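**Q** Listed below are the residues making up each chain.
There are 2 protein chains.
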Amino acid sequence: MKIGLIDYLNTMPFHYDLAERLQGRGVGFTRGVPAQLNRALMAGEIDLAPISAIEAARHADELVILPDLGIASLGAVRTVLLFAWVSDIRELDGQSIALTDHSATSVELLKALCRERYGIQPQFHVTRQHLPSMLAEHQGALVIGDDALVEGTIRRALSSPHGWNMPYCYDLGDEWLKMTGLPFVFALWAARRDTAEALDKAGVFTALYESTERGLTEEARDSIATAYAGKLELSAGVCCRYLRDLRYRLTEEDLAGLRRFLELALDDFDWNRLCFWQRAAVAL
Amino acid sequence: MKIGLIDYLNTMPFHYDLAERLQGRGVGFTRGVPAQLNRALMAGEIDLAPISAIEAARHADELVILPDLGIASLGAVRTVLLFAWVSDIRELDGQSIALTDHSATSVELLKALCRERYGIQPQFHVTRQHLPSMLAEHQGALVIGDDALVEGTIRRALSSPHGWNMPYCYDLGDEWLKMTGLPFVFALWAARRDTAEALDKAGVFTALYESTERGLTEEARDSIATAYAGKLELSAGVCCRYLRDLRYRLTEEDLAGLRRFLELALDDFDWNRLCFWQRAAVAL
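So the protein sequences, as listed, match chains A and B.
Going by the numbering used here, the residue at position 115 of the first sequence is 116; the numbering climbs one at a time, nothing skipped.
Going by the numbering used here, the residue at position 183 of the second sequence is 184; the numbering climbs one at a time, nothing skipped.
The hints are simulated quantities; they were obtained by calculation from the structure and are not laboratory data.
Fair warning: this is a prediction, and the values are worked out from it, not measured in the lab.
Don't take each hint at face value.
Remember, identical chains collapse to one label, so a pair may be satisfied in a single copy or spanning two.
To be verified - Straight-line alpha carbon distances no greater than 30 Å define the calculated DSS-like cross-link-like pairs of lysine-lysine that follow:
{"no.": "1", "residue 1": "K3", "residue 2": "K179"}
{"no.": "2", "residue 1": "K3", "residue 2": "K112"}
{"no.": "3", "residue 1": "K202", "residue 2": "K112"}
{"no.": "4", "residue 1": "K179", "residue 2": "K112"}
{"no.": "5", "residue 1": "K179", "residue 2": "K232"}
{"no.": "6", "residue 1": "K232", "residue 2": "K202"}
{"no.": "7", "residue 1": "K202", "residue 2": "K179"}
{"no.": "8", "residue 1": "K3", "residue 2": "K232"}
{"no.": "9", "residue 1": "K202", "residue 2": "K3"}
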């Protein structure tokens, strides 16, 4: 059995002591960015992973979703950022926006905001995630994950068609909140339906919940932040604050935000097709 | 009769065509920052003004509040910003924070966040609002209004005890949201009880509501933003987006946020002491 892990700061609480808990149970790990794990999970190369919320919905029939567990934000998230040379997203109508190749959900979130909140139709181009290159050729650039945390914190000047400037920065968590009043769910933990029962029997789900529980204590967050900050060349406080502000235990409000998003982003979406893992039902 | 007006971008929609509507009705205008209007209203020098939400509560017995009208934000507000040399607000424990002399509510909001969300006790010093001077001598600086919009947009490097650096920036609208899940009400329109009836009879309240209604149309917002942007040396888009994201018509949710804040900030606060103007009752 294989578990996919993402090497972003925001997934560290999930892994906190997961490997130790699963030692000797025949579980391996694969690492990648969200878009890679989405693909690997669908291809059956891995059995369980934190995946883009929109991919969990697109492949609802093949997956079970772990309830209460995910990555959500109420308001500013700080790792899903649109950088742009224009001072209002509205001005991106007809303009070119470079989209990160790391993510599926964030891309659909940006598209939904352009359509529903701003009534604009930019031209979207998926590119390698590298802000300076993206903004050298495009009016806007969607950047996610650790890169976004760094760029949103240091706010450096970049080369634009009109010289060196600091781009404007839009936090899509806050944009979504302004439009809907709801939190946004970026990632969900999903397992393949054909192996979910085996994973549960091997204690993988329990280990994941327990590892996350421990990874979210203040002490654990501080140690994750301190260890990770050096890697990003950021202060530990930036990482600590970031982890503190995310929502890992999904509430009814988060699920309402998820549902609203999926209904906006997908044609003919049916919430009832999502299958949430119910341990009690299996135990019977 | 005298109306107090604030010369911040965010109050422009209220004044949009207020002066024209009130021409020939014996109404004069006085301008100032929120702290000045708070004082002038209590002193009876003016009869009606947009004032700090906390001052409206502190002087509840002398004032009537216009219902549904105010300035609120759900999430990031962009004009109530704490700048600091530390990467996590938590690190300001025992440190010195310079507080703007423009505002009462924002100061109390920061204090409530330090106490309730971060469990820290900084040393607060009210100073002239000027970010470079504030951060030259203090670890943190609370800046509001147009100055905050400018500093939060340009994000310039400033002189610190350790050389030139770009300070970290915390949006207190988002901080409040993360703590409570609620919007924050920054300003309310309040009239002195002893002149409220005369103001209403002269059509002042009606004119204010109508002027605001017109000032919030997309066309009006765009023209306000364009006119104001030059004054702040910002792009019109920054001003436009800012006006679009504020909430001027208060909902039940905004009032729940207001109540929560006043209960946290004031000892023995009693919501029922606030008197909201009821036109129907007066008409009877």
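**Q** Decide, hint by hint, whether the structure agrees.
**A** Against the structure, the hints:
Proximity of K3 to K179 under the C-alpha cut-off of 30 Å is found in neither arrangement, the shortest distances being 39 Å within a copy and 35 Å between copies. With identical chains, the CA atoms of K3 and K112 are never at most 30 Å apart, being 32 Å at best within one copy and 48 Å at best between copies. In this homomeric assembly, K202 and K112 never come within 30 Å of each other (Cα to Cα): the closest approach is 40 Å inside a single copy and 50 Å across copies. Taking identical chains as interchangeable, the C-alpha atoms of K179 and K112 lie at most 30 Å apart whether they share a chain (16 Å) or sit on different chains (25 Å).
For the identical chains of this complex, K179 and K232 are inter-copy neighbours only, at 27 Å across copies versus 33 Å inside a copy, given an alpha-carbon limit of 30 Å. Proximity of K232 and K202 under a CA criterion of 30 Å is satisfied in neither setting, with 36 Å inside one chain copy and 66 Å between copies. Within a single copy, K202 and K179 get their C-alpha atoms no closer than 42 Å, and across copies no closer than 37 Å, so neither meets the 30 Å cut-off. For a Cα distance limit of 30 Å, the shortest separation of K3 from K232 inside one copy, 26 Å, qualifies, whereas the shortest one across copies, 59 Å, does not.
When the C-alpha separation of K202 and K3 is checked against a cutoff of 30 Å, the pair qualifies only within one copy, where the shortest distance is 14 Å, while the shortest distance between copies is 75 Å.
Hints 1, 2, 3, 6, 7 from the earlier list are contradicted by this structure; the remaining hints agree with it.
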